[in-house]
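Visitor: So you can see what is in the structure, the chains are spelled out below.
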Amino acid sequence: MRRVLIAAIAGLLFGLGLAVSGMTDPDKVLNFLDITGRWDPSLALVMGGALLVSVPGFAWARRRGRCAVGDALGDPPSRRIDGRLWIGSAMFGAGWGIAGYCPGPALADLSLAGEAIAFVVAMIAGSQIARAWMRD
Amino acid sequence: METPFTPISALIGGALIGLAATLLYAGIGRIAGISGLLNHALEHREGRGWRLAFLAGLVIAAGGWFAWSSSVARSGFPWPWLIVAGLLVGMGTRIGNGCTSGHGICGLARFSKRSLLAVVVFMSTGILTTTLLRHGLVVLP
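Which chain is which? The protein sequence lines are A and B, in order. Numbering of the first sequence is given in the working numbering, commencing with residue 1 and proceeding in unit increments. Numbering of the second sequence is given in the working numbering, commencing with residue 137 and proceeding in unit increments.
In short, the hints are calculated from the structure, not lab data. Keep in mind the model is a prediction, meaning the values are calculated, not measured. Mixed in with the good hints, there may be bad ones.
[Claimed, not checked] Examples of chain B residues toward chain A, derived with CB under 8 Å:
#1 G163
#2 I219
#3 C242
#4 T267
[Stated by the list, open to error] Pair by pair, the computed Cβ-Cβ distance ranges are:
#5 L252(B) with R66(A): 24 to 30 Å
#6 A192(B) with R66(A): 22 to 28 Å
#7 G83(A) with T267(B): 23 to 29 Å
#8 V69(A) with H271(B): 29 to 35 Å
#9 V274(B) with R64(A): 51 to 57 Å
#10 A125(A) with S211(B): 18 to 24 Å
#11 R80(A) with H271(B): 34 to 40 Å
#12 L252(B) with I35(A): 46 to 52 Å
#13 A192(B) with Q128(A): 35 to 41 Å
#14 S145(B) with W60(A): 51 to 57 Å
Think of the CB as a built atom: it goes at the ideal place given N, C-alpha and C, for glycine as much as any other residue.
The whole structure should be built from the sequences, with the hints applied where relevant.
Guide: Laid out in structure tokens, this is it:
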């Protein structure tokens with residue numbers, strides 16, 4: 001139960017941060033990527049602001065070695081850099097650069113009951129297609 | 137559409153996102169990667185509860201802010217491009233194991249080389265794609 005409560009608070013903070021930062025406006029994201037056009041550098045400061053907190057925060061958590069509920073820190077297994085990482089990240093960036101949505105802001109924008117619904121349905125479909133491919 | 141540079145709200149919002157990622161990591165030892173959380177919540181019963189709680193919190197808090205600030209959804213963006221973008225983001229984050237949050241905020245905070253490469257690659261293809269579609273092919277506004 002404590003895990004669910006901590007996750008819910010983290011989710012609320014995450015959603016609030018996305019909305020306050022303006023990254024839930026896909027045009028603002030596209031304008032960040034449009035460096036030769038209507039460039040809006042805000043997204044760089046969102047990343048910067050996040051890392052200002054998460055870099056020392058993660059370092060502190062790692063020094064403690066365990067998390068608050070007592071489990072070991074669940075770091076993703078370290079793997080090498082492979083073709084999948086290159087291809088997947090390149091495809092993600094291309095999709096991001098078309099519509100201005102990455103997964104977090106797309107989910108946040110579901111609350112606006114607009115185009116984000118169609119985007120999220122397509123995103124889930126894409127993820128399942130890739131999952132089926134990679135199983136072969 | 138033009139958007140103004142908003143350094144203060146970007147920094148404050150970013151800090152909140154960093155705080156949320158730190159809370160999830162220090163609190164329950166997990167990485168706040170949205171694509172991975174969503175995939176897992178849809179596919180596995182085990183560990184679904186806290187993931188759904190996180191995702192619900194994200195949508196509710198953003199929705200509250202939108203209601204307070206009278207934000208509305210973008211309209212008029214071409215639907216076929218929206219679907220293609222969604223498919224690419226879904227496939228790409230599955231194949232590359234992460235998105236802006238997992239690789240960008242948590243991965244960089246863990247000094248992961250894989251995440252650093254992922255960020256450089258998706259930023260580059262993002263910039264190339266937006267530039268090509270807006271200024272090269274001029275198919276998007």
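Visitor: Okay, L252(B) versus R66(A) on CB: inside 24 to 30 Å?
Guide: 26 Å, holds
Visitor: Does I219(B) pass the interface check with chain A, least Cβ-Cβ distance below 8 Å?
Guide: 5 Å, holds
Visitor: For the range 46 to 52 Å, tell me whether the beta carbons of L252(B) and I35(A) fit it or not.
Guide: The hinted range 46 to 52 Å is violated for L252(B) and I35(A), with Cβ atoms some 20 Å apart.
Visitor: Do the beta carbons of V274(B) and R64(A) sit within 51 to 57 Å of each other?
Guide: Roughly 53 Å apart at Cβ, these two residues keep to the hinted range, so it holds.
Visitor: Does the hinted range 35 to 41 Å hold for A192(B) and Q128(A) at CB?
Guide: At 21 Å between Cβs, range violated.
Visitor: Please test the hint of 22 to 28 Å on the beta carbon pair from A192(B) and R66(A).
Guide: Holds, at about 27 Å.
Visitor: Range hint 29 to 35 Å: satisfied by the CB atoms of V69(A) and H271(B)?
Guide: 50 Å, violated
Visitor: Falls inside 18 to 24 Å, the C-beta gap from A125(A) to S211(B)?
Guide: About 23 Å separates the Cβ atoms of A125(A) and S211(B), which means 18 to 24 Å holds.
Visitor: Indicate whether the distance between the beta carbons of S145(B) and W60(A) respects the range 51 to 57 Å.
Guide: 26 Å, violated
Visitor: When the nearest CB of chain A is found for C242(B), is that gap smaller than 8 Å?
Guide: 7 Å, holds
Visitor: Between the beta carbons of R80(A) and H271(B), is the distance compatible with 34 to 40 Å?
Guide: At roughly 37 Å between Cβ atoms, H271(B) and R80(A) fall inside 34 to 40 Å, so the hint holds.
Visitor: Quick check on the hint: T267(B) CB to chain A CB, less than 8 Å?
Guide: 6 Å, holds
Checked against the numbered hints given earlier, the structure breaks hints 8, 12, 13 and 14 and satisfies all the rest.
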